[in-house]
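Residue numbers (this note's numbering), protein chains in the order written: chain C, 1 to 397; chain B, 398 to 706.
One thing to keep in mind: the hints can contain errors.
Pairs of lysine to any residue, SDA-like flavour, derived with a Cα cap of 20 Å [unchecked claim]:
hint, chain 1, residue 1, chain 2, residue 2
1, C, 397, B, 510
2, C, 379, B, 537
3, B, 541, C, 183
4, B, 541, C, 267
5, C, 379, B, 536
6, C, 248, B, 420
7, C, 248, B, 491
8, C, 248, B, 694
9, C, 248, B, 537
10, B, 541, C, 156
11, C, 248, B, 540
12, C, 379, B, 420
Hints were generated in silico from the structure; no laboratory data involved.
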Amino acid sequence: MTKMTRLLLAATLGAAWVALQQPALAQIKIGAPLPLTGALAPEGLKQREGYDLWAEEVNKAGGIKVGNARQKVEFVYYDYQSGTPRAVQLTEKLISEDKVNFIFAPFGSGATKATSNVSEKYKIPNISSTGSSEQVYDQGFKYLFGTLNSNAVVSKALIAYLKGAAPTVKKVAIYSRNDLFPLALATSLDEAAKANGYTIVYFEKYPLNAADHSAALSDLRARGADWIYVTGYTDDLIRIRKQMVDLKVTAPVVTMLAGPAYPDFVDGLGDVANGVTSVTWWHPELRFKSSDIFANTENYVKLFQAKYNKLPDYAQASSSAAGIVLQMAIEKAGSIDPEKVRDVLASTEFDTFYGPIKFGPTGQNVTADNPIFQIQDKKIVITAPEGVKRGTLQLLK
Amino acid sequence: MAEPSDGLRPRFLLWLSVRFMTLLLQNLVNGLLLGGLYVCIAIGFSLIWGVLNIINLLHGSIIVLGSYIAYYAFTMFGISPFLAPLFVIPMMFAFGYGLQLAVLNRVVDKPVLITLTLTFGLDLILNNFMLAAFTANFRRVVFKDPFETLDLYGVIIPVDRVVAMALALVLTLAFYLLLNSSRIGRAIVAVRNDRDAAVLMGVNVKQIYAVTFGVGAAFAGAAGCLLSVVFPISPMSSGLYLGKAFVICVLGGLGSIGGALIGGLALGVIESMGVMLAGPEHSVLTGFLVLLAVLAIKPTGLAGKRGYE
Numbered sequence: 001m002t003k004m005t006r007l008l009l010a011a012t013l014g015a016a017w018v019a020l021q022q023p024a025l026a027q028i029k030i031g032a033p034l035p036l037t038g039a040l041a042p043e044g045l046k047q048r049e050g051y052d053l054w055a056e057e058v059n060k061a062g063g064i065k066v067g068n069a070r071q072k073v074e075f076v077y078y079d080y081q082s083g084t085p086r087a088v089q090l091t092e093k094l095i096s097e098d099k100v101n102f103i104f105a106p107f108g109s110g111a112t113k114a115t116s117n118v119s120e121k122y123k124i125p126n127i128s129s130t131g132s133s134e135q136v137y138d139q140g141f142k143y144l145f146g147t148l149n150s151n152a153v154v155s156k157a158l159i160a161y162l163k164g165a166a167p168t169v170k171k172v173a174i175y176s177r178n179d180l181f182p183l184a185l186a187t188s189l190d191e192a193a194k195a196n197g198y199t200i201v202y203f204e205k206y207p208l209n210a211a212d213h214s215a216a217l218s219d220l221r222a223r224g225a226d227w228i229y230v231t232g233y234t235d236d237l238i239r240i241r242k243q244m245v246d247l248k249v250t251a252p253v254v255t256m257l258a259g260p261a262y263p264d265f266v267d268g269l270g271d272v273a274n275g276v277t278s279v280t281w282w283h284p285e286l287r288f289k290s291s292d293i294f295a296n297t298e299n300y301v302k303l304f305q306a307k308y309n310k311l312p313d314y315a316q317a318s319s320s321a322a323g324i325v326l327q328m329a330i331e332k333a334g335s336i337d338p339e340k341v342r343d344v345l346a347s348t349e350f351d352t353f354y355g356p357i358k359f360g361p362t363g364q365n366v367t368a369d370n371p372i373f374q375i376q377d378k379k380i381v382i383t384a385p386e387g388v389k390r391g392t393l394q395l396l397k
Numbered sequence: 398m399a400e401p402s403d404g405l406r407p408r409f410l411l412w413l414s415v416r417f418m419t420l421l422l423q424n425l426v427n428g429l430l431l432g433g434l435y436v437c438i439a440i441g442f443s444l445i446w447g448v449l450n451i452i453n454l455l456h457g458s459i460i461v462l463g464s465y466i467a468y469y470a471f472t473m474f475g476i477s478p479f480l481a482p483l484f485v486i487p488m489m490f491a492f493g494y495g496l497q498l499a500v501l502n503r504v505v506d507k508p509v510l511i512t513l514t515l516t517f518g519l520d521l522i523l524n525n526f527m528l529a530a531f532t533a534n535f536r537r538v539v540f541k542d543p544f545e546t547l548d549l550y551g552v553i554i555p556v557d558r559v560v561a562m563a564l565a566l567v568l569t570l571a572f573y574l575l576l577n578s579s580r581i582g583r584a585i586v587a588v589r590n591d592r593d594a595a596v597l598m599g600v601n602v603k604q605i606y607a608v609t610f611g612v613g614a615a616f617a618g619a620a621g622c623l624l625s626v627v628f629p630i631s632p633m634s635s636g637l638y639l640g641k642a643f644v645i646c647v648l649g650g651l652g653s654i655g656g657a658l659i660g661g662l663a664l665g666v667i668e669s670m671g672v673m674l675a676g677p678e679h680s681v682l683t684g685f686l687v688l689l690a691v692l693a694i695k696p697t698g699l700a701g702k703r704g705y706e
């Protein structure tokens, strides 16, 4: 045994001993496997920010009201290093070894779907704050819930908006990352566009880890589309947007999902980001009054800024909202019994700072009205829906 | 999942259209521009593999490190990434030279699996160090006055890529001259061709190994500088670059500059044409299928010499 391992062992034993000395408090334990390192690290950190803010506010108020007592909330985080199989193992470990009461799903649709099998097996409610694909929720599971509404709702909202705001648009080119969530977005847009009389002139998928898109974009340019719709994650979209400009690939409307809502998109692209339209699930300028501990959207944004010194985006807000619905469900059920909490989650409409949340028969949030925005002068300008509108859509050509 | 069908023009109709020739030319240009960068990615990898018989898994991370140095030199001091190789090359040479002398020379005579494991471990360290220092967020060099794009009869040519490719080829030429006309270059070639004979001629082999690894690392760093202009920078890209370097070396053949040159340009064009013929979804697959075919017909690679397969 080397000196180093001996030291480590001593430190671990010491930490374990200290932990054992603490009096056992009745805490509500929530397990959350997160991608804290690796490709998805920026997303994982955002989820944790959302969870931590909620937990801090709850514990400040004495905890969650369970019957006549109050129980504090404790998160058990593990880093799954952006690898889905590891997220599944850790979910199993959280439930069977750490004995958590509830699970908050890992980042994104793919990993959420993978871990939902485990939580279903143990009958532990599993709330996802970042999985929006219908394919995650179509497994007939009873314990899986998602706060983001579905890709189909997003696509329909976008089409309905563009029909009015850009009536000249007829030909659509779709370029999608070949991955569960981006491809689901692309396919749902393809279906919604066809149903509304648009022509799809290009629909291609690019592989994960594609660095160069010049060949595909040259082909796309030759199709003369007047709406270019690209799906992927922030890094893909930054690459593609840059190469579109290099190769002079443009159209009156250029839509990218899902990345422009994050500040990283504009930071990474500068002026080149201008003109891109997108849809999001939530925005700090929305205004909802609620019966949760945050009271309204404005106050949530204020608390978030005070803690993290930046504005929240939908990922953090949706993560906090996952905590909120769990809290409201526990308080209504008057118990932390997984089955009772599950039944309340499935049957209640929640008024939250994030907006109304109602889980449909599949467990996914069914409320609609996603904000649509365009990047103008390196800023996000909401162009729909009417109530939160801050500007109008500018056509690019 | 539903496949898009109606409303899509079938691919063969595109073949018949007038725009086909322009598109073909465009893809050829795209492929060559990409290929020029690929050459630069692969050349240092090929050198280290050919001379030291080390498959340097650290290569991709050194490229990314070069990109970061170029990025910070640009954002903090306003130095163009195209000039960054002037200081990145000596820095990375020193890094590679020191690494070989201090670490790799201890195991260089051991079976290839040992050196493979060692460079794998070193790569984990360097890559995670960059993740911790720079985070996984993508960064991009944003010029105040962006480069123009040329439009030649419908064929679009981005100037930044042309400059990057030209510099990549200049570096390759410089490398060729180094190997063929300098004393140290001849010594490297001598060690590559026959190590024992080189020792008998008075060549200090350990020293040459260190120089070779240093030169290889210097090239990786220089490639990183050029790539920083074209692609966003993140530690996560290292595996991508390493994979390309590997394919190019096998495709072009080890042991010569010509191998990396032909392999790099060929892979760029094959991937670009692959997108046009089979769709972007299958472009990477197309590259690997061609690689398999080449290996089946000519196991030494397109321009490889016998004895280096």
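Evaluation of the provided hints:
1. C:397 / B:510: Between residue 397 of chain C and residue 510 of chain B the Cα gap is close to 57 Å, so the pair fails against 20 Å, i.e. violated.
2. C:379 / B:537: 18 Å, holds
3. B:541 / C:183: 35 Å, violated
4. B:541 / C:267: Given pair residue 541 of chain B, residue 267 of chain C holds - Cα atoms ~14 Å apart, limit 20 Å.
5. C:379 / B:536: Cα-Cα ~18 Å, so holds.
6. C:248 / B:420: Answer holds: residue 248 of chain C to residue 420 of chain B is near 14 Å, not above 20 Å.
7. C:248 / B:491: 41 Å, violated
8. C:248 / B:694: Violated - the C-alpha atoms of residue 694 of chain B and residue 248 of chain C are around 40 Å apart, more than 20 Å.
9. C:248 / B:537: Given pair residue 248 of chain C, residue 537 of chain B holds - Cα atoms ~19 Å apart, limit 20 Å.
10. B:541 / C:156: The hint is violated at about 38 Å.
11. C:248 / B:540: 17 Å, holds
12. C:379 / B:420: 35 Å, violated
Violated hints for the displayed structure, listed by number in ascending order: 1, 3, 7, 8, 10, 12.
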